[in-house]
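J.: Produce the complete structure using the sequences and hints provided.
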Amino acid sequence: MSTSEVKPTKEAPRKLVQTNPDYDPNIVVETQNLSKIYRDFWGRQKVRALKALDLEVRKGEIFGLLGPNGSGKSTTIKLLLGLLFPTSGRALVFGKDATEVTKNERIGYLPEESYLYRYLTAEETLDFYGRLFNMPTKVRQERAKELIDRVGLTWAKRRQLREYSKGMVRRIGLAQALINDPELVLLDEPTSGLDPMGTREMKDLIIDLKRQGKTVIMCSHLLADVQDVCDRIAILYQGELKELGRVDSLLKVSEETQVRFTGVPQSAYDEIRTVIEKHGGSVKSLENPKTTLEELFLNIVRESQERPGHRSAGARGKD
Amino acid sequence: MVVEQFLNFGEWLPSAIFTFFLLTCALVVLGTFFGYLVAAFRHGPVEGFYVVAQTIGGAVPDVLGTSPRRIYAIAKLAAIEAIRRKVVIVTFILFGLALLLGGWFLNAGSDHPDRIYLNFVLWGTQLLALLTALLMTSFSLPDDIKNKTIYTVVTKPVRATEIVLGRIVGFAAVGTVLLAVMGLLSYLFVWRGLSHTHRVVGETQTLASLSDIDPTLRLNRYGQRVSDSAIKSGETTFDSGHRHMLELIEDIREKDSPPLDARNVVSKTELPDGRIRYERLIVEPFGGHSHSATIIGSGGPNAEIQIERAEGYFRARVPIYASSLQFYDAAGELKSEGINIGKEFAHRGYIDGGTSMNRNSLSKAEFVYENIGPQRFLDQDLLVLELDLGVFRTTKGEIEKRVLGSLQFESVPDNPEIDPIFRSERIVFETDEYNVQILPLKRKRPGEKLRPDGSVLEQREFDFFEDLAKNGKVKLILRCEDQNQYLGVARENIYFRATDSLYWWNFIKGYLGIWSQMLVMISLGVALSTFLSAPVTMIGIMVMLVLGFNTKFIKGLVSKDNVGGGPIESFYRIITQKNMEVELEPGLATMVLEQTDYFLVSMLGSLTNIAPNFSQLNFSDFLLYGYSVDVHRLAAALAVVAAFCIGLTVFGYFCFKTREIAK
Chain A
1 MSTSEVKPTK
11 EAPRKLVQTN
21 PDYDPNIVVE
31 TQNLSKIYRD
41 FWGRQKVRAL
51 KALDLEVRKG
61 EIFGLLGPNG
71 SGKSTTIKLL
81 LGLLFPTSGR
91 ALVFGKDATE
101 VTKNERIGYL
111 PEESYLYRYL
121 TAEETLDFYG
131 RLFNMPTKVR
141 QERAKELIDR
151 VGLTWAKRRQ
161 LREYSKGMVR
171 RIGLAQALIN
181 DPELVLLDEP
191 TSGLDPMGTR
201 EMKDLIIDLK
211 RQGKTVIMCS
221 HLLADVQDVC
231 DRIAILYQGE
241 LKELGRVDSL
251 LKVSEETQVR
261 FTGVPQSAYD
271 EIRTVIEKHG
281 GSVKSLENPK
291 TTLEELFLNI
301 VRESQERPGH
311 RSAGARGKD
Chain B
1 MVVEQFLNFG
11 EWLPSAIFTF
21 FLLTCALVVL
31 GTFFGYLVAA
41 FRHGPVEGFY
51 VVAQTIGGAV
61 PDVLGTSPRR
71 IYAIAKLAAI
81 EAIRRKVVIV
91 TFILFGLALL
101 LGGWFLNAGS
111 DHPDRIYLNF
121 VLWGTQLLAL
131 LTALLMTSFS
141 LPDDIKNKTI
151 YTVVTKPVRA
161 TEIVLGRIVG
171 FAAVGTVLLA
181 VMGLLSYLFV
191 WRGLSHTHRV
201 VGETQTLASL
211 SDIDPTLRLN
221 RYGQRVSDSA
231 IKSGETTFDS
241 GHRHMLELIE
251 DIREKDSPPL
261 DARNVVSKTE
271 LPDGRIRYER
281 LIVEPFGGHS
291 HSATIIGSGG
301 PNAEIQIERA
311 EGYFRARVPI
321 YASSLQFYDA
331 AGELKSEGIN
341 IGKEFAHRGY
351 IDGGTSMNRN
361 SLSKAEFVYE
371 NIGPQRFLDQ
381 DLLVLELDLG
391 VFRTTKGEIE
401 KRVLGSLQFE
411 SVPDNPEIDP
421 IFRSERIVFE
431 TDEYNVQILP
441 LKRKRPGEKL
451 RPDGSVLEQR
461 EFDFFEDLAK
471 NGKVKLILRC
481 EDQNQYLGVA
491 RENIYFRATD
501 SLYWWNFIKG
511 YLGIWSQMLV
521 MISLGVALST
531 FLSAPVTMIG
541 IMVMLVLGFN
551 TKFIKGLVSK
561 DNVGGGPIES
571 FYRIITQKNM
581 EVELEPGLAT
591 MVLEQTDYFL
601 VSMLGSLTNI
611 APNFSQLNFS
621 DFLLYGYSVD
631 VHRLAAALAV
641 VAAFCIGLTV
651 FGYFCFKTRE
661 IAK
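Protein chains in written order, with this note's numbering: chain A, 1 to 319; chain B, 1 to 663.
Treat the hints loosely; a few may be bogus.
Claimed, not checked - Under the rule of at most 35 Å between Cα atoms (straight-line distance), these lysine-lysine pairs were calculated in the DSBU-like manner:
| hint | chain 1 | residue 1 | chain 2 | residue 2 |
| --- | --- | --- | --- | --- |
| 1 | B | Lys86 | A | Lys96 |
| 2 | B | Lys444 | B | Lys335 |
| 3 | B | Lys663 | A | Lys96 |
| 4 | B | Lys86 | A | Lys145 |
Derived by calculation from the structure, the hints in this document are not laboratory data.
T.: Structure below.
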């Protein structure tokens, strides 16, 4: 997979291919030159939300979409789900056009805010979504029970969602996303509204999904969360892809080296490399230090603001 | 009420399917063209073509992949939504309040209290049911899209067909339950409101309370005219806004022939000629109903009178209308229509009773009835003919008598050159132009049998079913028997009354009419809400409602050659102060005016075809006037509803499929 190659942003004509004859089952999501322009009623261009996005998400990875507000993350997710139609380019999910409804059989989606029917109870909610997957009654009931247990809402399963707290709604939202045991899970801001415990559980669950062989695409503002769970990330800014790569590579600072040691007094800090052994201490690790994702993210945004239209140089060649 | 003849459903269906097919084709062509214009504007002319082809082609797998379970899921959701959003509960409360308070204001003592009660409940039910349908459907899908709850639905393998159809089914289910409960409550309300009984005015509830009649004036002690066979008369108490007259009548019957009603027989005596003389107590009808009287104990002044509950309100009359009506003028010549007496002509044609110059007028109206058989009449020995005649007087005539008419039956032979003709004697009767007249006729009728050449074969008593209407067809000839007077009839004005249909079943059929209207509204609301916001959907439905309830009027506007031209020409005439009759100067301007009007009127005509004809689905008048809703008419209404549901589902599918949900 090309990780850092970004194709030119020129719009290509929309191709009307439903399925990809060269479908590689290891590539779950593929976007080619995907662009989206929002227009007003008269067809005049309002916003260019996404510019020629090329992405590939491989089976079994946790892929993070990062970017400030209005960067095109949600647009990308909506295009992948068929909630929006691309202006040009195409989005393929499991080798099928994103607007094709049958692809949804294998997808689970947790929206940014849990857009659920407030007048339904937790049980009714899961029963409803289970029916949409044409699941037989018995399977549906078992699955609903299991998921309600898993998100810890058994005690409130007969209450209408309007009585739920934000965190509880988020949990039931996650449960509905997993009702069909999906192969691909799209999570829009999965930890928003969750308390620290809930956030931890959500992150554990995402890692658990990966362990089960599922593919996860998530977008989040909470960089620490992304850093904790994602294998690869893409950073978008004003509709353009600014960075794409493995989290550990992106966060590696190759010009510097980090030494981790222990048992050395504070006064010996100035002569670290030459003196450690002289003082009889032991070197624990010797490697390149890592910045935080937050720092990387802010650097890219700052650089993009200073030099609009350019790909960030901050982490190129670190794949 | 004039019940217009409705074709047999089997005859109606092919032409209806043809119209549906033509309309569908026109809409498909228009829709595709419009869709292509939009797609071409967005994607360019070539790409636009592919987009349209892809959208239409994609409908096939979507339809094939439609799952009943998903439809059920969405239907259930729609139903829960309607219930938990309290739309239905508020409707119930409003309806309950209307029933509770309405009873205070309805006048049970009027001429036809049943019509007032039924009109109230039917109108209330219709209004509330349609309003509920409007509110349920206009807000559901637009709110789902606005609140983004639709995101979690369309990201599941749900087809657009299921989203549209599921909603229609869900709301229809809620509406059906709502209507069923409202119908039941209405039935109980009407039954309770009209059910009443009376007591006899007098010191005792016995025959002693009846008083004698002045034999010369035929007036009772209250100054009311009594019937010819009355011996004694009395009155009931004033209950439910009215009172009835009681009459002890003399009823002489053939030997071994039972009385009409055994319960109200006061005495029975055998006459010297072998016939039997019954004395029976009857309660005179009032305001469309009557009561049975029961005599308890042996006849004599101490026999107790018990007046039963009101009966006759809940009727579902089954009229057998003539299949054809022909008018003949004074010279006996067949005419395409009756005599025109002026304003009323549009409905009834008139026949004359001769003038002093031409005493022997041959003017007559001939009705031909088909499918007449004994199985259609409950009492096969007594046929009931109902007449709703118009009378036009050129002189006031005899002040105490009404205008006379006569009826005569004649067989309609299958082969007029060979088969004999049976003709009954004329039955002369007094007309009553203010009421529907009920003429009971005996099955055995005196008359003559004629050869095909018209010579008399024999004269005797003939059987109505065996001789006159042997092949199921019978001719009825109406004549006016008073000189200088005219009788007016339309085809629906004289009909045989077959066995009444079951009232509760007719009541259900009446509500099925409202149900049909509601279903069309629901389908329309769901289809419009796939691409319009809630307020615009509401406006759209209301426009369709106005069009639908006034289809007849609009079709009239379109079909008639309107004097003074269409809207543009009329406006031009107003501002230039030209009256409607003045010819406009020929020229380009006039041509533009006329062509614009022609275009507008044609557009209006097309709109009436698309808008549902709600009057076709409205059976309230049948219930109000006590007529049975014929099954053919009901079947046609249901077929129309099915056609609208299918058409609107397809329309809604394409609208939803081609819109961007997340925009």
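J.: Each hint should be assessed against the structure and marked as holding or not.
T.: Consistency of the hints with the structure:
Taking the CA atoms of lysine 86 of chain B and lysine 96 of chain A, the gap is near 42 Å; set against the 35 Å cutoff, the hint is violated. Only pairs whose Cα atoms come within 35 Å are accepted, and lysine 444 of chain B paired with lysine 335 of chain B is accepted, the gap being roughly 32 Å. For the proposed pair lysine 663 of chain B and lysine 96 of chain A, the alpha carbon gap of about 22 Å is at most 35 Å, so the pair holds. For a cut-off of 35 Å, the pair hint linking lysine 86 of chain B to lysine 145 of chain A stands: about 29 Å separates their Cα positions.
Comparing the model with each earlier hint shows a violation of hint 1 alone; every other hint is respected.
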